[in-house]
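Model the full structure from these sequences, guided by the hints.
Protein chains: 2
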Amino acid sequence: MQQAIAVLDSGVGGLTVVKEVLRQLPHEKILYFGDTARTPYGPREAEEVITFTREIVDYLVQFNPKMIVIACNTATAVALEDIRTRVNVPTIGVINPGARAAIGRTKTGVVGVIGTEGTIKSRAYEWALKRQSPSVTVISQACSSFVPLVEDGNFHSEETYQTVAESLSSLQNTTMDCLILGCTHYPFLADSISKVMGSEVTLINSAEETAREISTILQENNELAGIDVEPVHQFFCSGDPRKFQEIAQAWLEEQIQLFPVVWQVSSIGV
Amino acid sequence: MQQAIAVLDSGVGGLTVVKEVLRQLPHEKILYFGDTARTPYGPREAEEVITFTREIVDYLVQFNPKMIVIACNTATAVALEDIRTRVNVPTIGVINPGARAAIGRTKTGVVGVIGTEGTIKSRAYEWALKRQSPSVTVISQACSSFVPLVEDGNFHSEETYQTVAESLSSLQNTTMDCLILGCTHYPFLADSISKVMGSEVTLINSAEETAREISTILQENNELAGIDVEPVHQFFCSGDPRKFQEIAQAWLEEQIQLFPVVWQVSSIGV
Numbered sequence: 001m002q003q004a005i006a007v008l009d010s011g012v013g014g015l016t017v018v019k020e021v022l023r024q025l026p027h028e029k030i031l032y033f034g035d036t037a038r039t040p041y042g043p044r045e046a047e048e049v050i051t052f053t054r055e056i057v058d059y060l061v062q063f064n065p066k067m068i069v070i071a072c073n074t075a076t077a078v079a080l081e082d083i084r085t086r087v088n089v090p091t092i093g094v095i096n097p098g099a100r101a102a103i104g105r106t107k108t109g110v111v112g113v114i115g116t117e118g119t120i121k122s123r124a125y126e127w128a129l130k131r132q133s134p135s136v137t138v139i140s141q142a143c144s145s146f147v148p149l150v151e152d153g154n155f156h157s158e159e160t161y162q163t164v165a166e167s168l169s170s171l172q173n174t175t176m177d178c179l180i181l182g183c184t185h186y187p188f189l190a191d192s193i194s195k196v197m198g199s200e201v202t203l204i205n206s207a208e209e210t211a212r213e214i215s216t217i218l219q220e221n222n223e224l225a226g227i228d229v230e231p232v233h234q235f236f237c238s239g240d241p242r243k244f245q246e247i248a249q250a251w252l253e254e255q256i257q258l259f260p261v262v263w264q265v266s267s268i269g270v
Numbered sequence: 001m002q003q004a005i006a007v008l009d010s011g012v013g014g015l016t017v018v019k020e021v022l023r024q025l026p027h028e029k030i031l032y033f034g035d036t037a038r039t040p041y042g043p044r045e046a047e048e049v050i051t052f053t054r055e056i057v058d059y060l061v062q063f064n065p066k067m068i069v070i071a072c073n074t075a076t077a078v079a080l081e082d083i084r085t086r087v088n089v090p091t092i093g094v095i096n097p098g099a100r101a102a103i104g105r106t107k108t109g110v111v112g113v114i115g116t117e118g119t120i121k122s123r124a125y126e127w128a129l130k131r132q133s134p135s136v137t138v139i140s141q142a143c144s145s146f147v148p149l150v151e152d153g154n155f156h157s158e159e160t161y162q163t164v165a166e167s168l169s170s171l172q173n174t175t176m177d178c179l180i181l182g183c184t185h186y187p188f189l190a191d192s193i194s195k196v197m198g199s200e201v202t203l204i205n206s207a208e209e210t211a212r213e214i215s216t217i218l219q220e221n222n223e224l225a226g227i228d229v230e231p232v233h234q235f236f237c238s239g240d241p242r243k244f245q246e247i248a249q250a251w252l253e254e255q256i257q258l259f260p261v262v263w264q265v266s267s268i269g270v
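As you go down the protein sequences, you meet chains A and B in turn.
Here the first sequence is numbered in this note's numbering, starting from 1 and rising by one per residue.
Here the second sequence is numbered in this note's numbering, starting from 1 and rising by one per residue.
No lab work stands behind these hints, which were simulated from the structure alone.
Be careful, since some hints might not be right.
Put simply, identical chains are the same to the list, so a pair is met inside one copy or across any two.
[Claimed, not checked] Below 20 angstroms or equal to it, Euclidean Cα-Cα: the simulated DMTMM-like pairs (lysine to aspartate or glutamate) are:
id, residue 1, residue 2
1, Lys195, Glu166
2, Lys19, Glu230
3, Lys66, Glu220
4, Lys66, Asp228
5, Lys19, Asp191
6, Lys107, Asp191
7, Lys130, Glu223
8, Lys130, Asp228
Here it is, written out as structure tokens:
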């Protein structure tokens with residue numbers, strides 16, 4: 001039985017990470033858990049998010065994964081260290097990969113971060129950036145209106161562009177040259193964000209960077225899947241399975257040939 | 001005593017990796033070994049390169065490094081696996097990081113690789129790229145005239161541009177959107193290469209990508225240096241120390257406040 005990469009999120013945002021893993025590591029098997037019944041995690045207390053994350057991890061470790069990926073910025077910010085001390089499986093989040101990519105690419109030393117209010121308030125990106133490079137200047141901005149736009153499928157309208165422009169106005173006219181999309185929903189709005197920020201600002205997509213770090217760590221541990229493997233992925237969600245299946249299939253369709261299997265997990269209290 | 005990251009190269013090319021490590025990981029201590037008495041490695045037989053690499057690694061492990069980085073494409077291509085089986089220290093080369101970055105960034109699935117004749121002949125990049133993503137198309141080109149240009153300090157002349165344009169002519173008019181600089185000397189020529197290839201082609205700098213993977217692995221192993229550490233770096237070379245010191249200081253000057261200490265290592269036969 002092929003050991004999987006277990007990916008978890010508060011809902012569907014972590015599918016942006018899955019899509020990048022499928023693209024960059026096409027032989028790896030994915031186990032995905034979207035806690036759609038309890039989304040969003042952003043406004044919840046840290047203790048609650050830690051409890052929820054532990055429950056999902058306890059569920060996923062039954063399948064003996066070779067790696068666990070917390071593909072949710074809020075859960076990474078508050079629960080990553082807790083999970084790392086609890087399980088004996090390499091576990092990464094989405095914050096360090098994004099921070100590391102920004103440090104690698106910035107020339108001016110001024111890095112922007114946008115995310116949910118929970119993520120920005122936690123200052124997790126600021127800490128991760130300064131942990132690596134104390135001299136970097138970090139400009140953060142919570143963009144609470146972005147997730148609803150994405151959930152409505154409203155990616156490219158004039159209204160979306162105006163909302164994005166307004167939210168990002170405080171980030172303009174700086175020497176920032178990298179902007180971290182610190183929420184797994186934000187890559188859906190990359191066109192508008194890029195148009196507002198201009199071509200001199202590189203957008204750092206946490207999903208892309210996280211997939212790359214998964215690849216680095218698996219290779220270092222000599223645990224990459226063989227190139228003759230045709231993986232069968234499994235998707236779990238705690239909420240309405242039809243809605244999840246619809247979004248997952250629309251988002252991943254071009255990447256995998258089979259429809260994802262959607263399971264309703266009743267063992268997790270809502 | 002702070003455990004160092006040991007970086008080795010056939011000569012001065014690996015200093016591009018050192019510069020990126022100093023920038024991305026300013027608290028890490030570097031031990032560098034440039035085998036300037038026996039450079040270049042490109043035209044040598046694989047067995048000889050393996051022997052030389054073993055000798056340098058045996059020298060460096062005396063200092064109890066926490067990681068070994070083979071910052072030479074030729075040595076990575078032929079000696080990395082050998083070294084990994086010989087030493088009990090995490091060891092990485094410069095090929096997988098560059099390949100992984102290209103897989104992460106390409107949208108067209110067509111990736112170019114330029115390097116020395118030895119590196120291109122080894123097909124190490126092609127193998128690394130296809131190991132990760134079998135569907136990628138790889139276009140390779142040996143550029144034997146580039147290293148002499150760099151060693152002459154001839155980075156920005158019209159002659160350099162013409163040489164670069166001629167060497168890269170076979171790579172133009174393709175759907176390639178990423179070009180891996182598969183030699184640690186080539187970042188010095190990035191301006192000309194970029195001008196020839198056009199703005200649609202992203203240049204992948206192995207030095208930058210390798211530094212980032214060093215960061216990923218050290219963090220995963222919980223071995224990053226503390227942020228209160230002021231590291232003292234040490235540089236070794238097997239050839240003329242004055243010439244090495246001059247190049248290293250010119251290249252790293254803006255990154256470190258002290259001059260590198262250059263030692264002549266007489267224990268390694270030339």
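Hint-by-hint comparison with the structure:
1. In this assembly of identical chains, Lys195 and Glu166 lie within 20 angstroms of each other by CA distance solely inside one copy; the values are 13 angstroms within and 36 angstroms between copies.
2. For a Cα distance limit of 20 angstroms, the shortest separation of Lys19 from Glu230 inside one copy, 16 angstroms, qualifies, whereas the shortest one across copies, 40 angstroms, does not.
3. Taking the closest pair of Cα atoms, Lys66 and Glu220 come within 20 angstroms of each other both inside a single copy (13 angstroms) and across two copies (14 angstroms).
4. Only within a single protomer do Lys66 and Asp228 lie at most 20 angstroms apart by alpha-carbon distance; the minimum there is 18 angstroms, versus 34 angstroms between protomers.
5. Taking CA atoms no more than 20 angstroms apart as the test, Lys19 paired with Asp191 passes inside one copy only; the shortest distance there is 18 angstroms, against 33 angstroms between copies.
6. In the homo-oligomer, the alpha carbons of Lys107 and Asp191 lie at most 20 angstroms apart only across protomers (16 angstroms), although the nearest pairing inside one protomer, at 23 angstroms, exceeds that limit.
7. In the homo-oligomer, the alpha carbons of Lys130 and Glu223 lie at most 20 angstroms apart only across protomers (17 angstroms), although the nearest pairing inside one protomer, at 31 angstroms, exceeds that limit.
8. For the identical chains of this complex, Lys130 and Asp228 are inter-copy neighbours only, at 12 angstroms across copies versus 41 angstroms inside a copy, given an alpha-carbon limit of 20 angstroms.
Hint check: no violations occur; every hint is consistent with the structure.
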